[in-house]
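Using the sequences provided together with the hints, build the complete structure.
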Amino acid sequence: MRMLRVGRWITAIALLLLVGVYVRALVFTPVERMQGLAQKIYYLHVPAAIWTETAMVLVGIASVFYLFLKDPRLDRFAAASAEVGVVFAAVVLTTGPIWGKPIWGTWWSWDARLTSMLFLFLLYVGYLLLRSAVADPAARARYAAVLGICGMGLVPFIHFSVYLFRTLHPMPIILKPSAPSMPGSMVATALFSVGVFTLLYVGFVVQRYALSYLREQLEAAGEVGHA
Amino acid sequence: MRLPKLLRHAWTVASKDLLVEFRSRTAILSVAVFVVLVFVVFQFGHDPTAVSNVDLAPSILWVTFTFAAILAMNRAFQLELENQALDGLLLAPIERSSIYLGKLIANLVFVATIEVISVPLFSLFFNVPVLPYLLPLIALIALATVGFVAVGTLFSAMTVRTRFAELLLPVLLLPFMILPQWWAVVATGQLFASRPLSEILGWLNMLAVYDIVFVTLALLLFPATVNE
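So the sequences go chain by chain: A and B. First residue of the first sequence: 7, per my numbering; consecutive thereafter. First residue of the second sequence: 286, per my numbering; consecutive thereafter.
No lab work stands behind these hints: they were computed from the structure. There could be a bad hint or two in this list.
[Unchecked claim] Pairs of lysine to any residue residues, derived as SDA-like cross-links and limited to a Cα-Cα distance of at most 20 Å, are as follows:
1. K76(A) x P508(B)
2. K76(A) x A509(B)
3. K76(A) x E222(A)
4. K107(A) x Q45(A)
5. K76(A) x S218(A)
6. K76(A) x D142(A)
7. K76(A) x V511(B)
8. K76(A) x Q363(B)
9. K76(A) x L505(B)
10. K107(A) x A96(A)
11. K76(A) x L502(B)
12. K301(B) x Q363(B)
Shown next as structure tokens:
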């Protein structure tokens with residue numbers, strides 16, 4: 007199927023560019039004075055976090071439109087976006103502690119940001135579990151849409167509750183009202199990485215979308231059971 | 286004249302559920318016993334000379350409310366599964382959102398009853414005075430409860446018809462439940478530490494916003510969960 011091939015190509019290019027992000031971060035970007043090499047993880051952690059939240063919002067938007075239009079393509083996209091979101095959330099939750107151990111001296115702290123990312127991860131897991139628990143495709147899509155919309159409603163609360171608690175986590179460095187408090191070369195690497203993660207997201211989603219389309223075709227033909 | 290009608294129908298649905306519960310009293314009794322069990326476990330699980338009861342109090346209260354509420358919410362639509370009662374309810378000439386509102390009211394009354402039982406018991410068992418903070422505590426509990434029961438009632442309408450109903454509801458509800466409870470636990474801690482009310486007001490506002498957002502969302506989304 008053409009779409010699957012396109013998705014594979016996009017993913018392959020994005021993964022190659024990800025190698026480029028590493029090379030740029032390690033060789034061409036200055037080492038941070040206080041944190042040393044540990045800061046390099048920033049270039050993976052932050053883009054993944056941005057896309058974890060964005061993916062959930064996109065799930066929500068697709069869900070809203072699904073409830074009005076009942077177009078199965080929207081449901082397929084929401085499912086694909088949620089699956090990619092759970093992967094990115096896992097990336098954030100793994101890279102975070104790896105950075106936290108040398109800098110904070112602890113793998114995990116019950117800090118507002120860490121905890122809220124954990125919620126987001128659980129939200130995604132719940133969404134995928136709900137999808138797998140409903141056999142009827144129409145009901146599955148409707149239920150998933152309801153949960154997706156509620157999840158989108160939860161994202162701003164998660165995002166802003168961060169500002170209510172005292173937190174160990176560094177505050178946003180680039181996306182804030184004042185100018186970025188990082189040297190230009192670091193900002194450039196970070197933005198490059200955000201771009202690569204965007205491509206990665208697109209590549210993954212296109213592949214998942216194509217796969218769920220193929221699965222539906224097979225289900226309709228009675229070839230496979232519901233997973 | 287639409288709103289009074291919506292509320293009247295909601296009350297009819299709620300009073301039906303509450304009547305069923307009042308006649309049997311099985312759920313409320315089992316939850317009440319469960320609450321006592323949780324208190325006992327907390328009491329013997331910590332060394333009172335090392336950790337004072339006041340420090341542990343917010344956790345005890347909210348752990349109890351969480352489990353009790355989940356037990357209650359699983360019940361709401363389970364009740365309607367027998368003899369396809371839900372189909373009858375859906376066929377009734379009333380708005381779908383009034384069914385949701387009725388279920389929400391019934392669940393809230395149920396959870397509130399548990400809370401009314403557990404707060405004095407908690408105060409008695411753990412020797413934590415609640416009377417000086419009674420009004421803000423009630424406001425706090427009420428606002429937090431409305432938030433997660435609203436989401437829970439919506440989700441339970443979906444989960445009862447899935448493969449692992451009792452298991453799935455807590456999993457789906459967790460991210461939605463922890464956020465208001467997180468705020469409520471912090472605020473309860475501040476309350477028991479005799480902090481000024483102005484510090485707690487911020488949390489109450491957050492909870493109120495959360496309630497408004499999710500009750501509205503649930504009212505709008507409920508029809509999608511039952512349309513066949």
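Cross-check of the supplied hints:
A threshold of 20 Å between alpha carbons decides the hint, and for K76(A) with P508(B) the separation of about 14 Å falls inside it, so the pair holds. Distance check on the hinted pair: K76(A) and A509(B) sit about 11 Å apart at the alpha-carbon level, within 20 Å; holds. Using a Cα cut-off of 20 Å, the hinted pair K76(A) and E222(A) holds, with the two alpha carbons roughly 16 Å apart. For a cut-off of 20 Å, the pair hint linking K107(A) to Q45(A) stands: about 12 Å separates their Cα positions.
About 17 Å separates the Cα atoms of K76(A) and S218(A), which keeps this hinted pair within 20 Å; it holds. Distance restraint check for K76(A) and D142(A): the Cα-Cα separation of roughly 15 Å lies within the 20 Å cut-off, and the hinted pair is therefore satisfied. Distance check on the hinted pair: K76(A) and V511(B) sit about 15 Å apart at the alpha-carbon level, within 20 Å; holds. A hinted pair counts as satisfied when its Cα atoms are at most 20 Å apart, and K76(A) with Q363(B) does not qualify at roughly 28 Å.
This hinted pair checks out: K76(A) and L505(B) have alpha carbons roughly 16 Å apart, not beyond 20 Å. Our distance criterion of 20 Å between C-alpha atoms is met by K107(A) and A96(A), whose separation comes to about 17 Å. The suggested pairing of K76(A) with L502(B) holds, with an alpha-carbon distance near 19 Å, which does not exceed 20 Å. This hinted pair checks out: K301(B) and Q363(B) have alpha carbons roughly 14 Å apart, not beyond 20 Å.
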